[in-house]
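Visitor: Spelled out from the first residue to the last, the chains are:
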Amino acid sequence: MPEVLKAPLTVEFPFTRSLSPVQSAFLTGLRERVVLGVRTTDGRTLVPPVEYDPVTAEEIRDLVEVAPTGTVTTWAWNHAPRRGQPLDTPFAWALVRLDGADTALLHALDAPGPDAVHTGMRVRVRWAEERTGTITDIACFEPYDGDPAEPAGHTGQFEDPVTGIVAPARLDYTYSPGRAQTAYINALAERRNVGERCPSCRKVYVPPRGACPTCGVATSEQVEVGPHGTVTTFCIVNIKAKNLDIDVPYVYAHIALDGADLALHGRIGGIPYDQVRMGLRVEPVWTEGARYPDHYRPTGEPDADYDTYRELL
Amino acid sequence: MSKEPVAVIGIGQTKHVAARRDVSIAGLVREAARRALDDAELTWADIDAVVIGKAPDFFEGVMMPELYLADALGAVGKPMLRVHTAGSVGGSTALVAANLVAARVHGTVLTLAFEKQSESNAMWGLSLPIPFQQPLLAGAGGFFAPHVRAYMRRSGAPDTVGSLVAYKDRRNALKNPYAHLHEHDITLEKVQASPMLWDPIRYSETCPSSDGACAMVLTDRAGAARAPRPPAWMLGGAMRSEPTLFAGKDAVSPQAGKDCAADVYRQAGIADPRRDIDAVEMYVPFSWYEPMWLENLGFAAEGEGWKLTESGVTELDGDLPVNMSGGVLSTNPIGASGMIRFAEAALQVRGQAGEHQVERARRVLGHAYGGGSQFFSMWLVGAEPPTS
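From first to last, the protein sequence lines stand for chains A and B. Just so you know, we're using the working numbering here: the first sequence kicks off at 14 and counts up by one. Just so you know, we're using the working numbering here: the second sequence kicks off at 167 and counts up by one.
Quick caveat, the hints were computed from the structure, so don't treat them as lab data. Glycine is no exception: its CB is placed at the ideal position from the N, C-alpha and C atoms. Mixed in with the good hints, there may be bad ones.
Within a straight-line C-alpha distance of at most 25 Å, the following computed DSS-like cross-link-like pairs (lysine-lysine) qualify [claimed, not checked]:
1. B:K356 <-> B:K473
2. A:K216 <-> B:K424
3. B:K356 <-> A:K253
Covered stretches of chain A, going by a simulated chain B footprint (3 or more residues, C-beta under 8 Å) [to be verified]:
4. 61-74
5. 270-278
Chain A on its own, in the form it takes in the complex (with noise of 0.2 Å):
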């Protein structure tokens, strides 16, 4: 069996949060070198705060600062930092419980090695030299022995607070498209369309799946398709896509390829956009090193009749 093929894939999004009044009085604090907690109706003071009363629900907006000195709860040792973590070099992952507060934060620890982190040891928060009222406006915690620091009070009221933050996310893959769509793609390398038929209700799909969508069993026999085709159904395109370089208006068809049993996607050319018709009769047209048909084009074959592709829209 030929290799399966891979490639990477990485999806990146650089999200936007607006933010309730505690989180935005957080961040900013953050930006003014002030942790801020909030105050639960139980009398508990929580580090990060949140809206709403983990106990009772209720809408808690009572924000009280804390030190920004406090001790470690729990901690595990990062041995390989990944991109975007706050440091670069081996740290600790720690619970942080600040002192004034009656839960912890998740954070950095800058500590030589793991025999120098301890559960119930001493840290002070370590300030990012450029503050925005993000999370890394603390830039990690370091060990501290020296008395606690004493809050000034400060009410979270703030000139000019953070409103919104832009969080950017990052995935890496790496993707697969399996054993039949690997054949379907190392046949369209040679301009050659191969599907795979159901041994049960007999239709060939095209791409192949490797399994029957509706049967549920596997697939294998091949059966190259096309490559004219005859388009079923489509629709004129007049608003240019981001990410595609083609000149609007253009037509995006259905096309079902002779002997496939199951329409696939493409765009049409050479012929008029306003002259594109279901049942047209059409075949692709290869440009070098494309691994699709860049477009069909008419084969001036007469038009299919309806009958022939109306269960194939």
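Given the coordinates of chain A, assemble chain B onto it according to the supplied hints.
Guide: Using the frame of chain A, we list chain B on its own:
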């Protein structure tokens, strides 16, 4: 032992807008939940379980948001479930909650669905650059527009039907204070003159992108007896699914949609939906889906749905009003859109729909679909409790 009857006793939603920058996601869901509790005159302590739904996590980039939303929804110490069926999720979520009551697992359940589309880009979330695959050559509308053309070919419907739907829904939205789009100067001519995006779909025949949440309180017979306002009773509810693409799929009138509707009608004893159902709130993200779903749901014979639209039957004062709220065409916080349909059906039979109230609405269908016509969920609610 028969099922416990399920009643809707509280409904709440946010004013849907393009961007709610004044609240977090937690604040958004909280607002809808609080309004539903207030409608039912209940407190957080009266709720036994929470069932929440939203569209794919990629839409806001918060993985498993239900974990972080537990505090905001008073779910601490209670069961909390997340439901996920793409665009139909708001409907499926309500049905999962209803089934918990019907099975007597819980007495009173809070169900909620939301989307804060302004925090991301749904089109991006749906078109990740998968290696080796041919990129989709059209946007969301481009995916659906060929199906609309297929419907037009099959039914012989005139080109204008889509614009009639959009004109109606946008006018209905003017009567709904929670709707996102309030186009006070809308005219049929403006709809028909709006740019053709994915021919045959025009700009004014597409849905907006919204931030919003919708919540309902569902309860049993005892809970309904204590409710301060008239309940809506669930007379039938069902979900069906089918693959997005398979040989023989009818994208114009999917089998799963027909089967789902038939199941609901069987449960509710509906012999002729056109005669026995007073109004329909259905998931119409592009205007032409109104006539398509009218046929799929059995309100018209195949190829005849557009005639109901064209003759005014689906207008707010027509014989079978459709999308009294203004529909998805006027409000689309994707994950919440299905629940808004279900909630509108319940509002109507409770007589609480305000300016867009349909007179004598005794039985109303709520409908949702999603995932490339892959998932369907529907419920029929009535002003009277089920008889069997």
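Visitor: Now, for every hint given, state plainly whether the structure supports it.
Guide: The hints, checked one at a time:
Distance check on the hinted pair: K356 (chain B) and K473 (chain B) sit about 22 Å apart at the alpha-carbon level, within 25 Å; holds. Of the supplied pair hints, the one linking K216 (chain A) and K424 (chain B) holds, its CA atoms being roughly 23 Å apart against a limit of 25 Å. Restraint check for K356 (chain B) and K253 (chain A): the C-alpha separation of about 23 Å stays at or below 25 Å, so the hint holds. Requiring three or more residues with a Cβ within less than 8 Å of a Cβ of chain B, the coverage given for the stretch 61-74 of chain A holds, as 9 such residues are present.
Using a Cβ-Cβ cut-off of 8 Å, 3 residues of the stretch 270-278 of chain A lie near chain B, which meets the minimum of three, so the contact claim holds.
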